[in-house]
Amino acid sequence: MALLELDGVEARYGQVVALHGVSLTVDEGEIVALLGANGAGKTTTLRSVSGTVRKSGRVLYAGRDVSRRSPERLARLGVAHVPEGRGIIAELTVWENLRLGAYVRRDGDVKQDLERVSVLFPWLRERRGQQAGTLSGGEQQMLALARALVARPRLLMLDEPSLGLAPLVVQELFRVVRTLNEEEGLTVLVVEQNAAIALEASQRAYVLEVGRVAVEGASDELRRHEGVRRSYLGY
Amino acid sequence: MTVLAFTWGEFFQQAVFGLAIGAVYASLALALVLIYRTTQVVNFAQGEMAMFTTYIGWSLMTNHGFSFWPGFFATIGIAFVLGAAIERVVIRPFEGGSHLTLILVTIALFVVFNGLAAWIWTPEQRVFPSPFSAKAFDVGGVAISRQDVGIIAVTLISVVLLWAFFRFTKLGLGMRAAALGPGPSRLLGVRVPWMFALGWGFAAALGAVSGMMVAPSIFLSPTMMQVTLIYAFAAAVLGGIESPVGAVVGGLLLGLGTTLLGRYVEFVGTELELPVAFAVLVLVLLVRPGGLLGRATVRRV
Chain A
370 MALLELDGVE ARYGQVVALH GVSLTVDEGE IVALLGANGA GKTTTLRSVS
420 GTVRKSGRVL YAGRDVSRRS PERLARLGVA HVPEGRGIIA ELTVWENLRL
470 GAYVRRDGDV KQDLERVSVL FPWLRERRGQ QAGTLSGGEQ QMLALARALV
520 ARPRLLMLDE PSLGLAPLVV QELFRVVRTL NEEEGLTVLV VEQNAAIALE
570 ASQRAYVLEV GRVAVEGASD ELRRHEGVRR SYLGY
Chain B
16 MTVLAFTWGE FFQQAVFGLA IGAVYASLAL ALVLIYRTTQ VVNFAQGEMA
66 MFTTYIGWSL MTNHGFSFWP GFFATIGIAF VLGAAIERVV IRPFEGGSHL
116 TLILVTIALF VVFNGLAAWI WTPEQRVFPS PFSAKAFDVG GVAISRQDVG
166 IIAVTLISVV LLWAFFRFTK LGLGMRAAAL GPGPSRLLGV RVPWMFALGW
216 GFAAALGAVS GMMVAPSIFL SPTMMQVTLI YAFAAAVLGG IESPVGAVVG
266 GLLLGLGTTL LGRYVEFVGT ELELPVAFAV LVLVLLVRPG GLLGRATVRR
316 V
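From first to last, the protein sequence lines stand for chains A and B.
If you read the first sequence in my numbering, its first letter stands for residue 370, the second for the next number, and so on.
If you read the second sequence in my numbering, its first letter stands for residue 16, the second for the next number, and so on.
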């Protein structure tokens, strides 16, 4: 069953049209990658889901139309959007950023989830009192991921998690995402410029070109797809 | 003017008196910092809002049968709602506009509250009841005013409560996050616009505390908070306009400093307290442009 469905979504920034009617689906329990060059509309697609850009068209989440919902509301419905640039609040401590992840939680199991992410990323506990802005880029990305997980989302949206990070750190990040997907059935929509790693981690993928879906299919097939290989994998 | 002989007893009295005045500056300065940090607005109406709510408190206590403390807490509640409402109705439409526009809006609020207070309660000076007895504590032969000690205690309690709220509660964390990173906070489910309104609410409540604490010693009038606001601005800037701790320290230092200067430095006297205080302030800012406790945030990209 589709957890997320975009139907003819158009978005613009002032006069500049960023999306010309994007349609895509993400099924429950899937990792879906969104590929494309700079300016293809990948980030705008995520923003149209989380309600941080003006749009027309329909966005269905868990069977209901959420096109007009505010970002706050979507967060409460279980959509965790880790934005471009990670959205870490630099002046707060590591632990405060994590607690902020639980802001939408109403139940009392937050401690358990903080415990869980501390197991995934053991350094979080040791450096809980450190100002988050002083972490390295990779650590900030892991903190952003951990913070999103504390919210116990149904849909996790990651915007370019690999940006500016060392290859080993990128692998570690995707390993964690895949583990969560396999063990807990976490649904993930990930935007990436690093097509190789995204296609490896995902089950299906969409390739955006100037605000439209150009290619879609199973990630394995896209890896062998002539055009995708040349344009995005570089061999 | 002749300076009386120095005694430690009198020095101690003066210091407590100075700290009490400083506590009033501190709470108003903290209110300014709170609003500046949540909405980046320099609120010129902070003093007038405090004055207006103090009038409401006076009205509750003298015309509506409230005794002091119930009236005090009811006034704080009213001030909170008033502050939040001002943010939602008056400030919200100009959010993201230029600083100049917002400054004009708060100056308009200043004029409105000043005019309203004079219109509703007349500009005549009134006596505000004090919760503290006029007697003094006897500390080793030195008489310390209960009024002064009471002001210091009430201010410190409200500051500590506010600090604990921001530090330990989920809502407090949400408010800090909303101020520091509104965009990411929304994605985490924080209702950012409401957090801004709450920030104004808390600031107005603190202002009401400062107004009701200072009113018994200076009489109630529509202009009562104007000089205090100037000192509060100075205290906020002295502490580093972004730093709540700085605002409190700045306020206490300013109160203590001006009182001791006026008393012990012969040429200053009461008349020159304000100019001399500002000369010192300018000097401090020359040496530390960020204020005493203003600090640069470390950021890595």
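Keep in mind that the hints were calculated from the coordinates and are not lab data.
Check before you lean on any hint, since a few could be wrong.
[Claimed, not checked] A few chain A residues facing chain B, derived, Cβ under 10 angstroms:
1. 456
2. 466
3. 472
4. 476
[Stated by the list, open to error] Residues from chain B that face chain A, not an exhaustive set, calculated with beta carbons under 10 angstroms:
5. 78
6. 185
7. 192
8. 195
9. 196
10. 272
11. 299
12. 303
13. 304
14. 305
Positions of the beta carbon are idealized from the N, C-alpha and C atoms, including for glycine.
We went through each hint and held it up to the structure:
Hint status for residue 456(A): holds, given a least beta-carbon distance of 3 angstroms to chain B, under 10 angstroms. Taking 10 angstroms as the C-beta contact cut-off toward chain B, the hint placing residue 466(A) at the interface holds, the least distance being around 8 angstroms. Because the smallest distance between the Cβ of residue 472(A) and any Cβ of chain B comes to about 5 angstroms, under 10 angstroms, the interface hint for this residue holds. Residue-level restraint check for residue 476(A) is violated (minimum Cβ-Cβ distance to chain B is 13 angstroms; threshold 10 angstroms).
The criterion of a C-beta within 10 angstroms of any C-beta in chain A is not met by residue 78(B), whose closest approach is roughly 42 angstroms, and the hint is violated. For residue 185(B), the interface hint holds, the least distance from its beta-carbon to any beta-carbon of chain A being 7 angstroms, beneath 10 angstroms. Hint on residue 192(B) holds. Least Cβ distance to chain A is approximately 5 angstroms, under the 10 angstroms limit. Proximity of residue 195(B) to chain A holds as hinted, the smallest CB-CB distance being about 5 angstroms (cut-off 10 angstroms).
A cut of 10 angstroms between beta carbons decides the hint on residue 196(B): the least distance to chain A is about 4 angstroms, and the hint holds. With its C-beta approaching chain A no nearer than about 30 angstroms, residue 272(B) sits outside the 10 angstroms limit, and its interface hint is violated. Against a cut-off of 10 angstroms between C-beta atoms, the interface hint on residue 299(B) is violated, since the closest Cβ of chain A lies about 24 angstroms away. For residue 303(B), the suggested interface contact is broken, since its CB lies about 20 angstroms from the closest CB of chain A, more than 10 angstroms.
Look at residue 304(B): its Cβ only gets to about 20 angstroms from chain A, farther than 10 angstroms, so that hint breaks. A distance limit of 10 angstroms between C-beta atoms decides the matter here; for residue 305(B) the minimum to chain A is near 15 angstroms, and the interface restraint is violated.
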